Amino acid sequence: MKLMTATSRPAAPGGGLDVIVTSVSSDAHTWNLVYLQLLLEEYGHRVVNLGACVPDRLLVAECLRLRPDLVVMSSVNGHGWRDGRRAITALRTRAELAATPVVIGGKLGIAGPGGDAQARSLALAGFDGVFEDGSSAAAFREFLSRLRPRVSA
Amino acid sequence: MSEHAAGAGRRPARAGGPVAGAGEPVAGAGELPAGTGGRSDFGAVVRRAAAAGRLVVQPRMGVSDPARMRAGLLATRDAGVRTVGTITLDSYTRVGDHEAVRAALRNGEELNGYPIVDHPVRTTTALVADVSDVDFPVQVRHGSARPQRIAAALIAAGLHATEGGPVSYCLPYSRVPVAESVRAWAETTRLLAELRGRGLRPHLETFGGCMMGQLCPPSLLVAISLLEAMFFGRHGVDSVSLSYAQQTDPGQDTEALSALRSLAAEFLSEVDWHVVLYAYMGVFPSSPDGATDLLADAARLSVRGGADRLIVKTVAEARRIPTIAENVTALRVAGHAADHERRVMAGPARLAGPAPDTGIRAQARAVVEAVLNLAPDLDTALIRAVHRGLLDIPYCLHPDNAGRTRATVGRDGTLQWTRIGALPIRGLADTAGDADGSAAGLLRSLSYVASRFDDAALERAAAREFLPA
Numbered sequence: 069m070k071l072m073t074a075t076s077r078p079a080a081p082g083g084g085l086d087v088i089v090t091s092v093s094s095d096a097h098t099w100n101l102v103y104l105q106l107l108l109e110e111y112g113h114r115v116v117n118l119g120a121c122v123p124d125r126l127l128v129a130e131c132l133r134l135r136p137d138l139v140v141m142s143s144v145n146g147h148g149w150r151d152g153r154r155a156i157t158a159l160r161t162r163a164e165l166a167a168t169p170v171v172i173g174g175k176l177g178i179a180g181p182g183g184d185a186q187a188r189s190l191a192l193a194g195f196d197g198v199f200e201d202g203s204s205a206a207a208f209r210e211f212l213s214r215l216r217p218r219v220s221a
Numbered sequence: 003m004s005e006h007a008a009g010a011g012r013r014p015a016r017a018g019g020p021v022a023g024a025g026e027p028v029a030g031a032g033e034l035p036a037g038t039g040g041r042s043d044f045g046a047v048v049r050r051a052a053a054a055g056r057l058v059v060q061p062r063m064g065v066s067d068p069a070r071m072r073a074g075l076l077a078t079r080d081a082g083v084r085t086v087g088t089i090t091l092d093s094y095t096r097v098g099d100h101e102a103v104r105a106a107l108r109n110g111e112e113l114n115g116y117p118i119v120d121h122p123v124r125t126t127t128a129l130v131a132d133v134s135d136v137d138f139p140v141q142v143r144h145g146s147a148r149p150q151r152i153a154a155a156l157i158a159a160g161l162h163a164t165e166g167g168p169v170s171y172c173l174p175y176s177r178v179p180v181a182e183s184v185r186a187w188a189e190t191t192r193l194l195a196e197l198r199g200r201g202l203r204p205h206l207e208t209f210g211g212c213m214m215g216q217l218c219p220p221s222l223l224v225a226i227s228l229l230e231a232m233f234f235g236r237h238g239v240d241s242v243s244l245s246y247a248q249q250t251d252p253g254q255d256t257e258a259l260s261a262l263r264s265l266a267a268e269f270l271s272e273v274d275w276h277v278v279l280y281a282y283m284g285v286f287p288s289s290p291d292g293a294t295d296l297l298a299d300a301a302r303l304s305v306r307g308g309a310d311r312l313i314v315k316t317v318a319e320a321r322r323i324p325t326i327a328e329n330v331t332a333l334r335v336a337g338h339a340a341d342h343e344r345r346v347m348a349g350p351a352r353l354a355g356p357a358p359d360t361g362i363r364a365q366a367r368a369v370v371e372a373v374l375n376l377a378p379d380l381d382t383a384l385i386r387a388v389h390r391g392l393l394d395i396p397y398c399l400h401p402d403n404a405g406r407t408r409a410t411v412g413r414d415g416t417l418q419w420t421r422i423g424a425l426p427i428r429g430l431a432d433t434a435g436d437a438d439g440s441a442a443g444l445l446r447s448l449s450y451v452a453s454r455f456d457d458a459a460l461e462r463a464a465a466r467e468f469l470p471a
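Chains as they are written, first to last, in the working numbering: chain A, 69 to 221; chain E, 3 to 471.
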């Protein structure tokens with residue numbers, strides 16, 4: 069398994085989502101991304117893993133190119149709160165990506181879990197789900213179960 | 003502060019860099035900072051401590067506010083154990099996003115490290131001159147694959163000890179092509195090496211002993227650390243340290259440290275070197291007792307394995323960036339654990355008995371030699387080695403990494419290869435046959451150390467609670 073590549077999606081596979089897993093621009097951690105990829109693949113989804121330190125421009129370009137059913141942003145370096153807001157703003161300014169489900173999770177602030185206010189501000193900025201450190205895998209799974217693959221035009 | 007008084011002003015006897023008289027004018031970069039820190043020799047400080055039977059302990063500390071950074075360095079200096087200081091940079095500076103740094107500074111928002119490029123030079127110069135001296139050098143830690151601006155900033159501030167490497171700060175942490183990282187690191191190393199002409203002794207530490215923090219088998223860590231140290235030497239820095247990060251098994255780690263030292267003696271005869279151990283860099287125990295035990299284990303491993311310096315982790319590691327107080331506690335725990343281990347091992351016999359040989363040294367040597375044979379110059383050799391998968395880091399997502407190797411924590415608790423791809427160690431390495439490639443299996447391997455230390459701490463607490471005194 070080479071985790072990085074996979075640029076074309078398999079044709080009409082049953083049910084699974086096409087998911088982009090990505091870090092934020094300043095975050096170099098990748099174990100979270102490797103784990104999320106394996107987890108999502110085990111749930112039956114297809115994953116393109118963009119890896120560490122993904123600039124907003126690259127994230128937008130990859131989302132426009134791959135048109136994923138879901139974007140999973142993960143960050144553990146304490147800048148996720150700030151970088152995440154910047155990234156979601158960049159994604160939502162593109163009309164094509166205005167409705168793409170995008171979630172963020174990890175250790176998002178420097179001082180540990182930031183509580184409801186931080187989560188609300190991220191949701192307000194355009195995230196469809198915020199899974200801070202300490203959220204359960206079950207909550208993430210439940211979120212996934214509500215998504216349907218995008219129907220190609 | 004007695005800890006750093008001993009030996010002040012004395013110069014090491016061992017061969018190496020030029021030592022200029024103090025006070026001579028410096029060409030090119032303005033004047034030396036007012037303090038004596040500008041004259042410190044990082045490698046010599048560690049060597050003096052080792053000669054005195056003391057482990058040098060060092061935090062990973064960095065905050066954005068200069069006053070708090072200063073307080074952190076002073077607290078490190080005065081921790082009561084043998085220390086050197088650290089300024090860890092923020093992650094925007096690491097990726098070169100200076101716009102984000104300046105926005106955060108303007109808005110008074112805290113960063114996850116010290117933004118050395120964007121703080122005014124005089125701010126950092128004053129900070130360094132104020133806290134560092136010949137016995138308390140300060141090292142800049144960053145994580146950048148393109149560190150030229152960082153190097154220029156730390157040099158301008160009167161510093162000359164830093165760390166990283168063309169492979170270790172490229173593959174795990176960046177998207178920069180390895181060829182570009184090699185070029186950037188060659189430039190950076192030469193920039194530091196120029197300081198030798200001014201009577202300073204720049205020091206570079208490899209980060210190659212820590213690829214991905216966990217699940218990279220020891221032989222590859224040892225090989226990359228050696229190759230990066232040789233790279234620094236070839237570009238003119240003659241005082242280096244070789245890192246190795248504590249992994250899952252003390253016996254295996256002792257063997258790895260022994261292999262690293264013996265290969266360094268062989269391949270790095272031209273430069274001054276020492277070995278630096280990183281306390282566990284993977285998922286850290288979440289219980290304070292478990293975290294403390296793991297750190298103490300690292301200190302004992304330093305002593306047994308002949309590492310002269312240890313970079314610590316704190317009890318807060320599993321949750322957030324540690325406070326200054328937590329760092330000071332960690333320094334003391336590590337320093338005292340090392341002293342205790344040294345007493346247990348009765349002084350000069352600290353390396354008593356050869357570690358069992360499971361082949362780490364042979365594998366590391368094979369990798370180093372295969373890479374060196376790829377090209378006469380090491381820069382080209384390193385680039386080819388990555389492209390051809392001779393250096394292939396398990397689970398690394400970098401576009402240039404071949405991605406054909408895998409490793410796991412074996413039943414006996416040691417790190418083992420499960421796939422070796424094109425690594426030139428065929429016939430030298432066993433591969434575990436029963437690898438669990440699932441997400442749960444990966445999580446088990448990633449959290450193996452944390453669980454082991456948390457469980458042990460829990461059992462001890464339970465015993466205290468329920469057993470009669």
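The hints are simulated quantities; they were obtained by calculation from the structure and are not laboratory data. Please read all numbers here as calculations on a predicted model, not as lab measurements. Fair warning: there could be bad hints in the mix.
[Stated by the list, open to error] Facing chain A, from chain E, some residues (calculated, C-beta under 7 Å):
hint, residue
1, S93
2, I323
3, L399
4, R466
5, F468
[To be verified] Stretches of chain A that chain E covers, calculated by requiring three or more beta carbons in the stretch to come under 8 Å of a beta carbon on chain E:
hint, stretch
6, 95-104
7, 135-149
[What the hints assert, rightly or not] Under 10 Å between C-beta atoms, here's a sample of chain E residues computed to sit facing chain A:
hint, residue
8, F269
9, L270
10, S440
11, A442
Where is the CB? At the ideal position from N, CA and C, for every residue including glycine.
Hint check:
no. : hint    : result
1   : S93     : 4 Å, holds
2   : I323    : 6 Å, holds
3   : L399    : 4 Å, holds
4   : R466    : 28 Å, violated
5   : F468    : 29 Å, violated
6   : 95-104  : holds (count 7)
7   : 135-149 : holds (count 3)
8   : F269    : 29 Å, violated
9   : L270    : 28 Å, violated
10  : S440    : 6 Å, holds
11  : A442    : 8 Å, holds
Comparing the model with each numbered hint stated earlier shows that hints 4, 5, 8 and 9 do not hold.
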